[in-house]
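Construct the complete structure from the given sequences, taking the supplied hints into account.
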Amino acid sequence: MFSNPGDELAVSKAWESFLNGQARPQGVLRSLVDVSWQRCADAKVDPNRRSGPTPVSEQDLYLLRERRRDLLEASAPVMACARDYLAETGALMALADSHSAILSTEGDGPTLRSAENIRLVPGANWSENLCGTNAIGTALALGQPVQIHSAEHFCAGIKRWTCSATVVHHPADGEIVGVIDVSGLSSTFNRQSLALVVTTASRIESRLAMAEMERRYRLLDLAMGRWSSAGRDAVVLFDRRGCPIKASEHAQLAIRDAGGSLDLAVARSVPELVAGRLSRGVQKAHLPEWMRPEWLEPLVVKGEHLGAMLILPASQGRARWAAPPPAADRVFPEATGFEHVLTADPSMQELIQRAQQLARSKVPVLLQGETGAGKEEFARGIHGGRGGSFVALNCGGLSRELLASELFGYAEGAFTGARKGGMVGKIEAAHGGTLFLDELGELPLDMQPQLLRVLEQGVIYRLGDNEPRKVDFRLVAATHRDLRQEVAAGRFRMDLYYRVAVTGLRIPPLRERPADIALLAQKFLERFRREQGQSAEQLDAAVLARLTAYPWPGNVRELRNIIEGAVLTSPDRPLTAEQLQLDPSIFAGLDQPAERPLALPSMAENEEQLIVRAIAACEGNLTRSAKQLNIAKSTLYAKMQRYGLRG
26 MFSNPGDELA
36 VSKAWESFLN
46 GQARPQGVLR
56 SLVDVSWQRC
66 ADAKVDPNRR
76 SGPTPVSEQD
86 LYLLRERRRD
96 LLEASAPVMA
106 CARDYLAETG
116 ALMALADSHS
126 AILSTEGDGP
136 TLRSAENIRL
146 VPGANWSENL
156 CGTNAIGTAL
166 ALGQPVQIHS
176 AEHFCAGIKR
186 WTCSATVVHH
196 PADGEIVGVI
206 DVSGLSSTFN
216 RQSLALVVTT
226 ASRIESRLAM
236 AEMERRYRLL
246 DLAMGRWSSA
256 GRDAVVLFDR
266 RGCPIKASEH
276 AQLAIRDAGG
286 SLDLAVARSV
296 PELVAGRLSR
306 GVQKAHLPEW
316 MRPEWLEPLV
326 VKGEHLGAML
336 ILPASQGRAR
346 WAAPPPAADR
356 VFPEATGFEH
366 VLTADPSMQE
376 LIQRAQQLAR
386 SKVPVLLQGE
396 TGAGKEEFAR
406 GIHGGRGGSF
416 VALNCGGLSR
426 ELLASELFGY
436 AEGAFTGARK
446 GGMVGKIEAA
456 HGGTLFLDEL
466 GELPLDMQPQ
476 LLRVLEQGVI
486 YRLGDNEPRK
496 VDFRLVAATH
506 RDLRQEVAAG
516 RFRMDLYYRV
526 AVTGLRIPPL
536 RERPADIALL
546 AQKFLERFRR
556 EQGQSAEQLD
566 AAVLARLTAY
576 PWPGNVRELR
586 NIIEGAVLTS
596 PDRPLTAEQL
606 QLDPSIFAGL
616 DQPAERPLAL
626 PSMAENEEQL
636 IVRAIAACEG
646 NLTRSAKQLN
656 IAKSTLYAKM
666 QRYGLRG
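Just add 25 to the spot in the sequence shown (first one is 1) and you have the working numbering.
If you're looking for bench data, these hints aren't it; they were derived computationally from the structure.
Check before you lean on any hint, since a few could be wrong.
Claimed, not checked - The calculated label-pair distances, taken between Cβ atoms and stated as ranges, are:
{"hint": "1", "residue 1": "S37", "residue 2": "L88", "range": "38 to 44 Å"}
{"hint": "2", "residue 1": "N419", "residue 2": "D85", "range": "45 to 51 Å"}
{"hint": "3", "residue 1": "G457", "residue 2": "L427", "range": "21 to 27 Å"}
{"hint": "4", "residue 1": "S231", "residue 2": "P474", "range": "30 to 36 Å"}
{"hint": "5", "residue 1": "E91", "residue 2": "E297", "range": "17 to 23 Å"}
{"hint": "6", "residue 1": "E113", "residue 2": "R92", "range": "20 to 26 Å"}
{"hint": "7", "residue 1": "G558", "residue 2": "E603", "range": "21 to 27 Å"}
{"hint": "8", "residue 1": "R317", "residue 2": "E481", "range": "42 to 48 Å"}
{"hint": "9", "residue 1": "E481", "residue 2": "A66", "range": "41 to 47 Å"}
{"hint": "10", "residue 1": "V449", "residue 2": "L289", "range": "36 to 42 Å"}
Virtual Cβ for every residue (Gly too), placed ideally from N, Cα, C.
Right, here's the structure in full:
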């Protein structure tokens with residue numbers, strides 16, 4: 026921090042001048058230190074203080090840690106690593122909560138013992154108001170990374186130390202939930218400590234995000250049964266932090282009619298609905314005046330409070346929201362759009378029944394499954410007999426610019442070559458119907474907030490246009506990626522994930538439902554024979570055995586193409602096993618050891634893993650790898666750059 030001993034001496038003299046009410050020399054103090062000293066003086070902090078305050082009792086520390094259990098669990102692996110990488114460095118790592126109370130410390134043994142002399146220990150509070158300028162308290166005061174070196178501390182007893190700290194944000198709403206600090210005696214000062222705490226905080230936030238995502242996923246899954254049975258009642262789902270994460274069509278109006286002022290468009294916590302405050306039961310909770318206890322249902326699984334559901338009965342509202350919903354919002358009778366989904370598999374039949382139930386509501390649905398497994402067929406089934414159009418768009422098959430135009434449309438003159446009169450985007454085209462976004466995981470990160478805004482506000486702006494256009498549509502999204510992993514990796518927004526994954530269906534790959542292989546193959550044979558004006562035969566045992574033994578990396582789509590190709594090449598005779606154009610390397614690959622897969626014919630699996638496997642199988646030859654993956658070499662280079670891979 027100080028380039029020479031004279032700098033530290035100058036700061037010490039500035040401190041003495043400050044305490045004596047004299048002007049400080051210009052350019053000696055950093056601005057954040059100068060402002061922090063002023064806050065300390067205003068708070069009447071004792072500049073001669075030798076240490077932090079007395080730590081709380083062991084029992085109170087236990088209770089404090091229980092209240093911050095999520096933060097402690099997310100940081101536990103990071104803090105455990107601190108024992109090793111800070112050993113013999115003269116530094117320690119401290120985790121504190123959002124009120125500057127230290128929860129745990131790890132690191133160099135002698136430094137931990139020295140820290141006891143200034144009470145930099147679990148249970149002690151290191152806020153600016155108590156300990157003066159220090160990294161923990163000042164980082165929390167500013168909400169940003171801070172490094173405080175020796176003489177820059179406000180209290181005399183701490184000036185032998187150097188500390189670096191930054192705050193930890195909760196991934197759901199950005200609230201500061203804690204601070205991570207690295208401290209040591211000034212003689213062991215390391216400029217990299219600030220980078221270390223920033224990296225550590227990011228790791229903790231990622232772990233918090235994964236835990237929160239898993240918890241919310243369970244909450245949404247638990248709530249859906251109650252949600253669909255609510256009828257015309259207004260429903261709001263709150264997470265365990267008291268933040269509204271989902272609301273029915275008329276919930277905002279119903280809350281207003283009940284006398285509440287809760288704005289559902291803002292992810293702001295309702296303190297009375299925080300899980301801990303409802304733990305003693307709704308009847309004993311201090312609820313907002315407008316909220317009746319009988320409207321609130323805590324959602325608890327195995328003792329874990331995941332959130333709460335607020336159900337405002339239709340009888341409490343005015344006629345304008347209690348009346349039967351308009352045609353676009355009507356609860357539909359049993360869906361009739363799945364007749365085209367052929368299956369003999371019990372799990373698929375159960376999946377169709379669940380999809381039929383979802384088809385009667387307007388909740389967004391996320392379909393997950395491998396490429397070619399039938400996600401679009403399920404999307405069309407969910408659309409069913411609903412009024413309006415079924416509009417589909419693949420988010421992964423277009424350039425970023427073209428995708429933005431296709432999705433949002435554009436105004437006349439928005440760019441060179443723009444169509445006269447502008448263009449209606451897929452979102453507008455789906456008004457009153459269903460929008461199917463295939464490969465949603467491929468949506469560019471910077472376009473995701475725009476889609477989220479449309480879903481939240483029901484309003485769209487065409488590119489180059491300032492005129493808002495109201496839209497009302499049912500969203501069905503599909504992806505072969507694990508969006509929860511994409512969120513954790515920073516490639517997909519958590520808030521958009523929660524918005525689109527209200528409920529989800531996993532379409533099993535064809536290899537997991539072998540009974541469907543013979544059924545679908547026969548139906549495809551009959552269809553393509555009929556299209557060619559030919560009579561369809563029954564597939565013989567040899568053909569069926571060959572089809573069943575194949576793992577179908579391309580799923581139903583590949584099966585259809587194989588049967589169609591066989592029909593076209595055998596117009597005058599029944600199909601034989603030899604006429605099936607199945608990739609022989611697939612069968613050869615089935616006999617290879619699992620750790621050396623040689624056959625990589627499809628991009629159905631996770632792209633990054635598949636590319637790595639292809640390059641390894643081809644011994645680093647990118648030309649062969651691209652051919653094996655059935656993509657252009659330039660495309661392979663682009664994807665390798667995207668995932669940070671090297672040949």
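To see whether the hints hold, each was checked on the structure:
About 40 Å separates the C-beta atoms of S37 and L88, a value consistent with the hinted range of 38 to 44 Å. Checked against the hint of 45 to 51 Å, the C-beta distance between N419 and D85 comes to roughly 57 Å, which is inconsistent with it. The hinted range of 21 to 27 Å is satisfied by G457 and L427, whose Cβ atoms lie roughly 25 Å apart. Checking the proposed 30 to 36 Å range against S231 and P474 shows it is violated: the Cβ atoms sit about 20 Å from each other.
For E91 and E297, the hinted distance range of 17 to 23 Å is satisfied, since their beta carbons lie about 21 Å from each other. Distance hint for E113 and R92: a CB-CB separation of about 34 Å, inconsistent with the stated range 20 to 26 Å. In this structure the hint that G558 and E603 lie 21 to 27 Å apart at CB holds, the actual value being about 24 Å. For R317 and E481, the Cβ-Cβ distance of about 27 Å falls outside the hinted range of 42 to 48 Å, so the restraint is violated.
The given range of 41 to 47 Å is respected by E481 and A66, whose C-beta atoms sit roughly 45 Å from each other. Here the CB-CB span from V449 to L289 is close to 29 Å, at odds with the stated 36 to 42 Å.
When each numbered hint is compared with the structure, violations occur for hints 2, 4, 6, 8, 10.
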